[in-house]
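Take the sequences, apply the hints, and build the full model.
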Amino acid sequence: MLDDRGNTAAYLLYANTRIRSIARSANVKPEALKEAAKTTAVELDHPAEWKLAKCILRFPEVITRVLEDLLLHTLCDYLYELTTTYTEFYDKCYCIEKDKATGNIIKVNMSRLLLCEATAMVIAASFNILGIQPLDKM
1 MLDDRGNTAA
11 YLLYANTRIR
21 SIARSANVKP
31 EALKEAAKTT
41 AVELDHPAEW
51 KLAKCILRFP
61 EVITRVLEDL
71 LLHTLCDYLY
81 ELTTTYTEFY
91 DKCYCIEKDK
101 ATGNIIKVNM
111 SRLLLCEATA
121 MVIAASFNIL
131 GIQPLDKM
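Numbering-wise (the UniProt record's numbering), the sequence shown opens with residue 1 and increments by one.
No incorrect hints appear here.
Below, computed lysine-lysine pairings styled on DSS-like, alpha-carbon distance capped at 27 Å: (1) K98 with K38; (2) K54 with K107; (3) K38 with K107; (4) K92 with K107.
Label-pair ranges, simulated between beta-carbon atoms: (5) A125 with T84: 13 to 21 Å; (6) K107 with W50: 20 to 28 Å; (7) D77 with T102: 36 to 44 Å; (8) I129 with D45: 28 to 36 Å.
Simulated from the structure, these hints should not be mistaken for laboratory data. Here a beta-carbon is modelled for each residue, glycine too, at the ideal position from N, C-alpha and C.
This is the structure we're talking about:
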């Protein structure tokens, strides 16, 4: 059985799927995210945002290490760290604020949505290197 908890491919796929669903839930199209990336500054106000941003920025260093050592498990370990760091961010920092009574979207925090998108891009690049096909829905 595939376990969607812990350091498994199923967990990584699930985390990626969850990240991708946030923009869909906010009704933000991929084109709008790309435009926002050009015009919106990413504000890091919460410690979980800082932790995630720092983890994302380590990606080139991890790739360099994988190329030098030829040990792909280094990338797998990094991916697990990134997804668990993202989960902490997800639990503490809301990207979408909804009205409790109606469920309607009140506010979309574009800065946090861009952090989600950056995380998803790093995961997608890592999946490509590892030969893992990402899923849109699970």
